[in-house]
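Asks: One letter stands for each residue in the lines below.
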Amino acid sequence: MEISIRNLGKNYGKVPALRDIRLDIASGELVALLGASGSGKTTLLRAIAGLESIDDGSIHFGDIDATRLSVQERRVGFVFQHYALFKHMNVLDNVTFGLRVRKRATRPGAAEIRRRGLELLDLVQLKGLEERFPTQLSGGQRQRVALARALAIEPRVLLLDEPFGALDAKVRKELRAWLRQLHDEIGYTTIFVTHDESEAHELADRVVTMADGCIAAAVN
Amino acid sequence: MADRYRNSLVEPAPIRWLLIAVTLLFLGVFLLLPLVIVFVQALSHGVAAFFGALADSDTKAAIRLTLLTAAIAVPLNTLFGVAAAWAIAKFEFRGKTLLSALIDLPFSVSPVIAGMLFVLLFGAHGWFGAWLSAHDIKIVFALPGIVLATLFVTFPFVARELIPLMQAQGTEEEQAALTLGAGGWRMFWHVTMPNIRWGLLYGVLLCNARAMGEFGAVSVLSGHIRGLTNTMPLQIEFLYNDPGAYSAAFAVASLLALLGFVTLALKNFLEWRHGDELAALRGN
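Chains A and B, in that order, are what the protein sequence lines are. Going from the first sequence to the numbering used here is simple: count from 1 and add 1. Going from the second sequence to the numbering used here is simple: count from 1 and add 4.
Excised from the complex, chain B in its bound form (with noise of 0.2 Å):
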């Protein structure tokens, strides 16, 4: 009886199927399926191999060089991205266009390019070069560099995660801490801070699930020295072309991987456990 008033915003139960099996269909055959090959294959040649493949003495310092860049670029861009996002929500001045297509320009820019600029810039023969070198400071093929490039591409993450978030919350609670007496840093504290937060770690995430799997850029910065200035993405597609180390490439990949899914399942977690918060802290 209940079918008799069918609720006309509900498609009928074919096309319901069809299109849950569809989108099913291809997650599967495009996202799950070759993630699970990753793993498959890591673990090919046994968990012994498995870990001999982590334990090698390159693949580690890839991991710690990975961890370290993330450690440095993620604060940093955590920084600028709240900076940004707080000119760009709650101030009115010239050039504020320009500085929101500006903050978009590590998104649209391939990241190779953006790793050949910093080279224009800080490479030998670049504008700071002889400069640079003059003074005893390595940039290119060194930490810096990595560095640089992981800034560059990580850039947008948290301020693009902030803005509409800010823009919509508006200033009028700012406005009201201040006639309450607060000065600017209890108010971006007390007042600014708690209304983001959620939205900030959510940014924060994928800013470092981004950093630590950048590859375009820092190639181009690396300079590809085993054991110094190689990360995982690097050591990865080392080992990948080197024939005797297939199934190590496809270990160090599956670790990259997992901090990725940890970095989704602590998303999610968050999203679940703080969902109404989120939505109250949006909706109002």
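So here's chain A without its partners, still in its complex pose (with noise of 0.2 Å):
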């Protein structure tokens, strides 16, 4: 699903967080934001996916305009830099929780949901590891587990803040290709946000690059 948006400004108190941001990214397309540390790219994730609060301007998905929805009524798939995975619920119970929390006229029964959550498992090759809990795996399946975990509801967009940040750097090379990989298989509207220039030009389709809550550049 395209992601429009318009005008979108944010304030901390007096201080500018973001200022006049103009983006619009087609439906299947993997954009990287780029930025230092304090230029504003991950409160624009936030902003994206309703977990900060805006004060001018709007954002679309397709047609729907979500400025005012909710986090819950959004349906992002967001993924944290520390995987923030539920710590006392096993691998399959993690990743089916967005199925299991749907209210009951929307829920698929308990099978469908098992059958769902195994099938997502093998999508990010964790096939057999279901029953684990995220303190016995390492940071890259527990990375996958979190991506699972947001695939799991069908999401309009996918938003993945420094997904690769707290990642070995060889366990990073390697997920960055299959990231890509994957993307191309299931081709949801994606954004992510890294510091690390390299990374946002071997894997998206286009880098936008943010300074000072601005957007500096776009490069495809």
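It is worth saying that the hints were derived from the structure and are not from the lab. The model shown is predicted, which means the values in this text are computed figures rather than measured ones. For every residue, glycine included, the Cβ atom is placed at its ideal position computed from N, Cα and C. Worth double-checking, as some hints may not be accurate.
[Stated by the list, open to error] Okay, derived cross-link-like pairs now, SDA-like style, lysine to any residue, Cα gap no bigger than 20 Å in a straight line: (1) A:K104 to B:H278; (2) A:K88 to A:L138; (3) A:K88 to B:L205; (4) A:K174 to A:E186; (5) A:K88 to B:Q171; (6) A:K88 to B:V14; (7) A:K88 to B:Q179.
[Claimed, not checked] Pulled from the structure, derived: some chain A residues nowhere near chain B, Cβ distances all over 10 Å: (8) M2; (9) D64; (10) R75; (11) L168.
Could you fit the two chains together into a complex? Lean on the hints.
Replies: If you want it as structure tokens, here you go:
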């Protein structure tokens, strides 16, 4: 689904965090938000997800005006830098959480939920690890569980906040290539935040550079 | 041979033994011995006298009142404690430092002063005294006053136990739950609660131990009406001051001490049983 952001602005008190952001992202595009820390890239990502309130402007997902929708209503797949997996749940329960918390009317049956969870674990190449707990997994495995969990809700868009930031260099490189491949396979509109220029250019269809809460440049 | 490469972090044997001996001696003289004496005194006139003292109708009323007070105060303070900890650990707002300091107030103010504060508010000559008596509502020298005093004194236990735990855990899991479509209520029960449950239980146990044992604040507000507003600690004091009921005082005291032991034992059992889970929750 395409994303269009118009005149988006946000202030922390009197300090502007985002200024007049305009950004159009085509359906199925993989875009990198590149910038130094404090440039506003994570704030923008969180604003798109609804985790951060905005003071100005609008956010559309396709024809849907998401500006006033709550986090839950926006249905975005969000992946956190430090995974944010539910520690007390096993891998399968983590992945299926978004399905299990649905209202009864739209919730699939228990067997269907399990089937979809296992299918997603297969997709992120973690077959057979469904009974493990997050603490028993490596960093790379945890981040793939987080991705599967985000995909489970069939999100309108996929938002990744420094998804490889907490991983060592070798795993980061592997996961990068794998994510690009996965994106080509499933085709979700995806924005990911990074401060690593080579990562941004290697992975994304388009790199959007941010500085001081503004979009500085967009490179194809 | 192993001793040739002594671990530099381990003290030599004589120092180790000295430290252990000092600790044990201190614990023995100041903690264990007094408790043993309570039980020895309680049973000094035989088992029959012990149970006879506990069967006294005023004493039984005191036990009931103490249990009732704890049964009201502990759940309420669990609720308030979770709410306060949640607000402080997970939100940024003006006056947060003030709220945090206020939670500690019952720890820093003498319980007697806490009791007097409520008398000043709700007593016959207090701020709301006239209005209360006009509407025939009794707070001071009645159950509501005792519960209020207990609530005040035991307020910090749950909140203080939870705040560092919740702060360490941050809000990312909650945010993840929201993006996955969970409402606030589901998020709380499925994500927040499982992460704090052992800390919460620990806080509740400590709160309960204090609620049953509180003397000062309750003493001011209770009015010491035997069989009616005397809680266990107050009844113990009353019996203790009565020359004929000296060993009865220790009988009730031993029962109160026993309630404390059960709480401590329960706490240690939980720590032993779920220690790895507790460590995992704190460590991640």
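Asks: Against each hint, give a clear statement of whether it holds in the structure.
Replies: Hint check:
Proximity of K104 (chain A) to H278 (chain B) is assessed by CA-CA distance (about 33 Å); at most 20 Å being required, the pair is judged violated. Restraint check: the Cα-Cα separation between K88 (chain A) and L138 (chain A) comes to about 11 Å, which is no more than 20 Å; the hinted pair holds. Taken as a hint, the K88 (chain A) and L205 (chain B) pair is honoured in the structure, with Cα atoms around 19 Å apart against an allowance of 20 Å. In summary, the hint linking K174 (chain A) to E186 (chain A) is supported, as the alpha carbons are separated by about 19 Å, within the 20 Å threshold.
Straight-line distance between C-alpha atoms of K88 (chain A) and Q171 (chain B) comes to about 16 Å, which keeps the hinted pair within the 20 Å bound. Pair hint K88 (chain A) plus V14 (chain B) does not hold up; C-alpha atoms about 36 Å apart against a cutoff of 20 Å. Under the criterion of a C-alpha separation no larger than 20 Å, the hint pairing K88 (chain A) with Q179 (chain B) is consistent with the structure, at around 14 Å. Taking the minimum C-beta to C-beta distance to chain B, about 16 Å, the non-interface status of M2 (chain A) holds against the 10 Å cut.
Consistency note on D64 (chain A): stated as away from chain B, and its beta-carbon is indeed over 10 Å from all of that chain's, at 21 Å minimum. Distance check on R75 (chain A): its Cβ comes as close as 8 Å (rounded) to a Cβ of chain B, failing to clear the 10 Å threshold; non-interface status is violated. Residue placement check: L168 (chain A) keeps its beta carbon more than 10 Å from all beta carbons of chain B (closest about 16 Å).
This entry does not satisfy hints 1, 6 and 10, going by the numbered hints stated previously.
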